[in-house]
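**Q** The primary structure of each chain is shown beneath.
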Amino acid sequence: MDFGYPVLTSLIVFPLLAAAGLFLIKSPQVARAYTMGASILELILGLPLLFFKFNSDFQFVEKARWVPQWGLEYHLAVDGISYLMVMLTLAILPLCVMCSWTYISKRVKEFHFCLLFMTSACVGVFVAMDLVLFYVFWEAMLIPMYLLIAVWGGDQRRYASLKFFLFTLAGSTLLLAAIVAFRITGGTFSIPELMQMNFSFRFQYWAFLAMALAFAIKVPMFPFHTWLPAAHVQAPSAGSVILAAVLLKMGTYGFLRFCLPLTPDASVYFAPLMIAVSIASILYGGAIALGQEDIKKLVAYSSVGHMGFVTLGIFLFNLRGIEGALFQMLNHGVITGALFMMIGAVYERSHSRAISDNMGLGKYLPAFMGFWGLFALASFGFPGTNGFVGEMLVFTGAFQKSYVIGALIVPGALLGAAYMFRVSLKMAWGQPCTAKTWRDLNTREWTYLLIPAVFVFYIGLAPKLFFNIIDPSVEKLVNDLKTRTSTTQVVAAQPTPAVVAAVETPVEPVNN
Amino acid sequence: MEFNPILIVPELYQLMLILALFCQSLGAGPDKQGGGETPPAERWLPYFAGFGIFVNIVSWGAEGLIFGGAYKLDALSQFFKLAIAAGFYVTVLNAARQPSLEERKRPDYFMFLAISAWGLMLLSSAVELITIYIALEISSYSLYAVIPLRNAGGQGHKGAAEAGIKYILFGAVATAIALYGFSYILASQHTSYIDQLAKANWTWAGQPMAVVGLSLFMGGMFFKLALFPFHFWCPDVYQGASNETAGFVATLPKLGATVVLIRLAVLLKPGLEMTMLLAVLGALSMTFGNLCALAQKDVKRLLGFSSVAHAGYIMVGLVSGTAMGLAAAAFYSLAYVAMNLLCFWVVSRVASDGRNLQLDDLNGLYKRSPALAFALAVGAFALVGLPPTMGFMGKLFLIAPAWEHYWWLVVIMVVNSAIAIFYYLSLVRHAYTHEAGESAPAPDNSPFSLCGAGILAAVVLFFGMAPAGLFDYAILAGKQLLP
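Chains as they are written, first to last, in the numbering used here: chain A, 1186 to 1697; chain B, 874 to 1356.
Some clues are possibly wrong.
Residues of chain B clear of chain A, computed beta-carbon distances all greater than 10 Å [stated by the list, open to error]:
(1) Leu888
(2) Cys896
(3) Ala1045
(4) Asp1068
(5) Ile1294
(6) Ala1309
The calculated DSSO-like cross-link candidates involving lysine-lysine, where the alpha carbons are at most 30 Å apart (straight line), are [as the list claims (entries may be wrong)]:
(7) A:Lys1649 x A:Lys1586
(8) A:Lys1621 x A:Lys1291
(9) A:Lys1586 x A:Lys1667
(10) A:Lys1348 x B:Lys1170
(11) A:Lys1248 x B:Lys1352
(12) A:Lys1291 x B:Lys1170
(13) A:Lys1611 x A:Lys1621
(14) A:Lys1211 x B:Lys1240
(15) A:Lys1661 x A:Lys1649
(16) B:Lys1240 x B:Lys1039
(17) A:Lys1348 x B:Lys1240
(18) A:Lys1291 x B:Lys1240
(19) B:Lys1170 x B:Lys1240
(20) A:Lys1649 x A:Lys1667
(21) A:Lys1621 x A:Lys1548
(22) A:Lys1548 x A:Lys1649
(23) B:Lys1031 x B:Lys978
(24) A:Lys1238 x A:Lys1248
Just so you know, these hints were derived from the structure itself, not from any lab.
These figures come from a predicted structure and were not determined experimentally.
Idealized CB from N, CA, C, for every residue including glycine.
Please construct the entire structure, taking both the sequences and the accompanying hints into account.
**A** Structure below.
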């Protein structure tokens, strides 16, 4: 379908142009309004994406030569796996602008510059179909995020931003080595082409480890999660929203886009480990969240738990599990994004993130507390909300795989309810200290909370549309994985080493 | 082939500049009577240095082997000559307003810079070991004189004098070692022409003396490149010399050393002991440089250790033994020069009083000079190797060809980029997240300074996003050596 302009490119380039335009503006108020306009225009530019066809093909493909000497291509496309993430990125931008309207008062222009730059890089990560192009966006996104935390963050912003940068960059340097290894072994940087190839198990083993480290740090999975609470707590509210809603998803997106299709055997080989780590993330994240006194830290640790569900769903390798993972990615973006915006809103009133300073809001800020209750319920998967759909699917997948896995994650879901109830009860009915004088939500706050609330119910009650979008791609992913791992396993089971060698390196017999 | 002066127009042009500067240095300075009539060197030189770039572009296609086969004009030499001319132009502009240089010393100062650049131009065309040695000396000797030229309140700068002596001592030892190595090569291989040496046997088993000789000879280049273990001068000299001089020493000589190593890399087939030596030195150099840089407080010292690390990165391209690898090394050395010129430009502009910049002096730069702060951020992120900058593309090009034979080197390199983030990031951190203290120097916010920073930053970003055109030329040069 032709829309008269390259849709995906425009989504990447437009925010950059808009960001450059910011430098011509002097007044902070105009800069805010300008960015708001730009973010809405970005959404309008993304409208053609609604004509997405419900199949597993790569759509909206754009291809151009970039560095022909190395076979680098400027190759963009979306499929069912990346589609929702692109939409989420586009939708989060105006919300971020709105929630920092009064929150950010210093260096407003630069702040919005970072937001726009960020959006451009995030869209790029999800639509890039060339490994190097992907890596370029993946790394480029670190810079604005670093600045968002380091410049507009809380008291310990320098520590938190440095930790964030070091963790994520250290992880992704090995990803670059893996990318080059793919190029040398597979002869191309193109992701769709590499998906068709079979690599030797030894190669897959190391490539998987290098990639998984980068993605696991980004998600973050259990032993690598320590940067997340620091970054979340120190980041300004819009930074937390983008971090939770978009950045964390890049890790799980990486697993789905690279690990499973490119290194299927290694993925199967490492699945027990990944499942174990995911379960650890769920239980550990939940347990730590239960003990937090800082609301933002609590939600940050709950993110560790929720992302554990996502990685668990991915490495179950069944249809329900991966569907659940994708739903959970979207849901976590909507819910946690909204929760962070709410924390930002209440912080503007109380100037504290401690639970004890924000108690008893039920009577004085009923609208705020209503929204909070809704998102808290959605967060632990109350039926009727979107959280339920995702968690239910992962549970189904887990029990399909093994009762043990299913049984192990049940306490995780219970923990979710426990910590969310604990903080919500205190916030709603605790002993108020200064809350009596606070204003309830204003129109701007209503707007940016109503939008995610609509999605909470829409995905929760009528998820059909979303199933239509993701199902073809997920089915293809699962089937590819099954067929490819089963063929190699059959061959590997045969005792003669010559046959194994012949399959792994098809060139050799010719030379002999 | 018959000698045709058209072929070496860039070198002749540079020589003419040197002569003009020499004449001016003979005449009376502006502080004496009658001296005010001639425009000072820093006024006219930038225009002529800029024209030098144009001259190099015109003679781009020159090809030939002259001076008895010792001097070769090919794609590689023209590529590097253009880069040297461009770098010379930027360093001259950078040094034009040098606060720590007396007016009457300026013609001499620029003359020495020009001679050094001229030596490097000769170096990029030399294909015979004695010629290489002489060109190397021409470029080094003038720097020995330039480094101590730093005025600190009417008298010489102690650190600069120390740096000058260190540079001479190290340089003398390194060149002595190189010459000693050369004698071994000549004794065992009976020739000093690289194209004939390429056909010779370079295994340890076959020609141990030649292997030792070449390794020692390359030591001379390693000294210029500041590769471990020939790097000890580097941080001290950067710190001692004035900001502008350091900007020259840190950039152009590396180009000269790289081009010679690229020519010698024809001898270094993967699997040879010498190649292994280079790879190991590269790995040590990057690790050592990065680890030392972590602890630095002085910006120039930090950049000095960073250049030790970058010398190691360039080795990754040299040992791969493919045309692509050599092209990558050429591209990366160019990227390195662009990134460092950018950083030193900012350092020189921020330290408008000519002081040695500490990290704390960068505090709050975003407020005092947003454009310079942005340019510094671009330079720092480029040196880390983050996209979308030239540094990233250079690194990608380097590691791809090296993967086949030296995958461990690639892994060490990417791990090193992770180590390096911390100190490059601290440049950005100080500029963006700290508030300025009281003693912070007032940065130069003139259009001249901002335009220069902007153009250099644009170059670093542009070739990071669209490196294909430039890389084509690098490949052309590489293919010629290793078809």
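**Q** Would you mind marking each hint as holding or not holding in the structure?
**A** Hints, verified against the model:
1. At the 10 Å boundary, the C-beta of Leu888 (chain B) stays outside the reach of chain A, the nearest C-beta of that chain being 36 Å off.
2. Chain A leaves Cys896 (chain B) outside its interface by the beta-carbon criterion, the shortest separation being 46 Å against a cut-off of 10 Å.
3. With a least beta-carbon separation of about 39 Å from chain A, Ala1045 (chain B) lies farther than 10 Å from that chain, consistent with its non-interface assignment.
4. At roughly 26 Å, the least C-beta separation between Asp1068 (chain B) and chain A is larger than 10 Å, which holds for a residue marked as non-interface.
5. Annotated as non-interface, Ile1294 (chain B) brings its C-beta within 10 Å of a C-beta of chain A; the closest such distance is 5 Å.
6. For Ala1309 (chain B), the requirement that its beta carbon stay farther than 10 Å from each beta carbon of chain A is met, with the minimum near 14 Å.
7. In summary, the hint linking Lys1649 (chain A) to Lys1586 (chain A) is supported, as the alpha carbons are separated by about 24 Å, within the 30 Å threshold.
8. For the given pair, Lys1621 (chain A) sits about 28 Å from Lys1291 (chain A) by alpha-carbon distance, which is consistent with the 30 Å threshold.
9. Taken as a hint, the Lys1586 (chain A) and Lys1667 (chain A) pair is honoured in the structure, with Cα atoms around 14 Å apart against an allowance of 30 Å.
10. Taking the CA atoms of Lys1348 (chain A) and Lys1170 (chain B), the gap is near 20 Å; set against the 30 Å cutoff, the hint holds.
11. Straight-line distance between C-alpha atoms of Lys1248 (chain A) and Lys1352 (chain B) comes to about 28 Å, which keeps the hinted pair within the 30 Å bound.
12. Between Lys1291 (chain A) and Lys1170 (chain B) the alpha-carbon distance is near 29 Å, which keeps this suggested pair within the 30 Å criterion.
13. For the given pair, Lys1611 (chain A) sits about 15 Å from Lys1621 (chain A) by alpha-carbon distance, which is consistent with the 30 Å threshold.
14. Restraint check: the Cα-Cα separation between Lys1211 (chain A) and Lys1240 (chain B) comes to about 15 Å, which is no more than 30 Å; the hinted pair holds.
15. Annotation: proposed proximity of Lys1661 (chain A) to Lys1649 (chain A) holds, straight-line Cα distance about 19 Å (limit 30 Å).
16. About 38 Å separates the Cα atoms of Lys1240 (chain B) and Lys1039 (chain B), which puts this hinted pair outside 30 Å; it is violated.
17. Distance restraint check for Lys1348 (chain A) and Lys1240 (chain B): the Cα-Cα separation of roughly 25 Å lies within the 30 Å cut-off, and the hinted pair is therefore satisfied.
18. Of the pairs offered as hints, the one joining Lys1291 (chain A) and Lys1240 (chain B) holds, with about 12 Å between alpha carbons and a cut-off of 30 Å not exceeded.
19. Under the criterion of a C-alpha separation no larger than 30 Å, the hint pairing Lys1170 (chain B) with Lys1240 (chain B) is consistent with the structure, at around 21 Å.
20. Using a Cα cut-off of 30 Å, the hinted pair Lys1649 (chain A) and Lys1667 (chain A) holds, with the two alpha carbons roughly 26 Å apart.
21. Of the pairs offered as hints, the one joining Lys1621 (chain A) and Lys1548 (chain A) holds, with about 9 Å between alpha carbons and a cut-off of 30 Å not exceeded.
22. With a CA separation close to 38 Å, the supplied pair Lys1548 (chain A) and Lys1649 (chain A) exceeds the 30 Å bound.
23. Using a Cα cut-off of 30 Å, the hinted pair Lys1031 (chain B) and Lys978 (chain B) holds, with the two alpha carbons roughly 18 Å apart.
24. For the given pair, Lys1238 (chain A) sits about 19 Å from Lys1248 (chain A) by alpha-carbon distance, which is consistent with the 30 Å threshold.
In summary, the numbered hints that this structure violates are 5, 16, 22.
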